[in-house]
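Student: With the sequences and hints as input, model every part of the structure.
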Amino acid sequence: MIGNLPFVVCMILVGLGLWTLLSRRNLIKLAIGITLIESGVNLFLVALGYVERGVAPIYTYAPPRAKMVLPTPQALTLTSIVIGLATTALMLAFAVVIYRHRGTLDARKIRELRG
Amino acid sequence: MTVVVRTVARIIAPMILAFGGYVIMHGHLTPGGGFQGGAVAASALALLAISFGFGRWKGIKAPLSFLEDLGALAFVALGFLGIGYTFFRNVLAASGGLFGAPVPPGPNPGLLETGGTLPLMNWAVGLKVIAGLGSVVLLLGLFGGEDDR
Amino acid sequence: MKWVRVGALLLVVGLLFGAAAWMRPFGRPSLAEMDAYFIQKAQAEAGANNVVTSVVFDYRGFDTLGEATVLFCAVVGVALVLRRVLR
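Residue numbers (my numbering), protein chains in the order written: chain A, 35 to 149; chain B, 846 to 994; chain C, 7 to 93.
No wet-lab data here; the hints were simulated from the structure. Watch out, some of these pointers could steer you wrong.
[Said to hold, decoys possible] Within a straight-line C-alpha distance of at most 25 Å, the following computed SDA-like cross-link-like pairs (lysine to any residue) qualify:
1. B/K903 to C/K47
2. A/K63 to A/I115
3. B/K906 to A/K101
4. C/K47 to B/L956
5. C/K47 to A/M102
6. B/K906 to B/M846
7. B/K903 to A/K63
8. B/K903 to B/G986
9. B/K903 to C/A85
10. B/K906 to C/K47
11. A/K101 to B/P876
12. B/K906 to C/L88
[Said to hold, decoys possible] A few chain A positions that, by computed beta-carbon distances, are all more than 12 Å from chain C:
13. M45
14. I62
15. K63
16. I66
17. T69
18. K143
19. R145
[Claimed, not checked] Distance windows between CB atoms, simulated:
20. A/A96 to C/S36: 20 to 26 Å
21. B/R851 to A/I46: 29 to 35 Å
22. B/P908 to C/V76: 41 to 47 Å
23. B/R851 to A/R99: 48 to 54 Å
24. B/G942 to A/S57: 57 to 63 Å
25. C/M40 to B/T847: 51 to 57 Å
26. B/G898 to A/R99: 21 to 27 Å
27. B/S940 to A/H135: 52 to 58 Å
28. C/A38 to B/L915: 37 to 43 Å
29. C/L17 to A/K63: 20 to 26 Å
30. A/R59 to C/F23: 22 to 28 Å
31. C/S36 to B/P859: 43 to 49 Å
It should be emphasised that the depicted structure is a prediction, and the values quoted were computed from it without experimental measurement. Beta carbons are placed, not taken as given, at the ideal position from N, Cα and C, and that holds for glycine.
Tutor: Structure below.
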C-alpha cells in the first residue's frame, strides 16, 4: 500500500479533476478540470514505467551498468501531452468564442440552443 | 506592458529561443526533443507577444503558417525516405553520411553527428510546434483585442 | 440530486484509490521485454543515445505522424473558430 504512493497521488489528481468537472459551471474551470485529469493520467503512465533504482533511458554520461526505466511509456506520455495541449487549445478557443457571442461563461446558461 | 516588463522581455527572449534551439538540436543526445524544445521556443514568442502587445505581431501569422506547413511536409518526407524498407525506417543511421557516424556502445559523452534521421525529424517537429503554438497564442490574443495595460 | 452526484463521485474515486493501492508494486513493471530490446538495440539500430527519442521517431514513428496530424488539426481548428481576426 505505502509503496504504491505514486499511483495514489495520480488518482488524487484524477479525483480532483472529476470533482472540478462535476461542481463547477465556468467553462474555463471545466477546461482546468480536464487538464487536471490529463495530468493525472500522464503521471500515472510515467509512474507505470519506473524500474527500481533506474536511471533515465539516455546513454549520454549514464552511470555504467545502471538499470534504465522503460522508454515506451515515456514516449507514449509525450504523445499524450501533445494531444492534451491540442485539446486544451481548442477548448479555450471555443470558450473565447462562446463568451464573445453570449456574454457569459456559465455552462448552465448557454445550454439552450437558441440564437 | 510597462517598460520594466519590456526591457526584461527584450533581454530574456533571445535566451529562451537559444535554449529551445539547444533542446531541439540535442534531442537525440540529452533529455528533450522536437516537441519540448518547440514548446520552450514558443513560450518566448508568447512572452514577446504579451509584453509588446499582440497587434504589433499581426504580420507574423503568414510566416508562422508557412513554417508549420514546412515542418509537417519535412516530417512526412523524412518518413518516406526509408520507404525502400518500410515507412519511417532510419536509413541514415550508421551509414557514414549525414548524421551517420557510428555510436560507441554503452554510456558515452555523445556525438552530435549521430542519429540518422532523428535530428532532422527533431528539427521538423520543432519548427512545427514553434509555429503551431505561436500561432495559437497569437490568434487567441488577437481575438481578445488590444488591452495594453 | 446533489447528494447523488457527490455519492457517485466518492464511489468512483474510491474505486480509483483501491485500484491504485492494490495494483502491482511500484517500480516492478510487468512485460518489460520490448523495452529491454529497445534499451539494448537503440544505440546500434537508431544510432541515438536518447532511447525515448528513438522510440518516438524511429520505432513508433507512425504514432508520431498521427500526433503531428492532431496538432495540425488543432491549430487549423483554432484558426477556423477564431476566423474573425483572419478576415
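Student: Which of the listed hints are not met by the structure?
Tutor: When the structure is compared with the hints, numbers 1, 3, 7, 10, 13, 21, 22 and 26 turn out to be violated.
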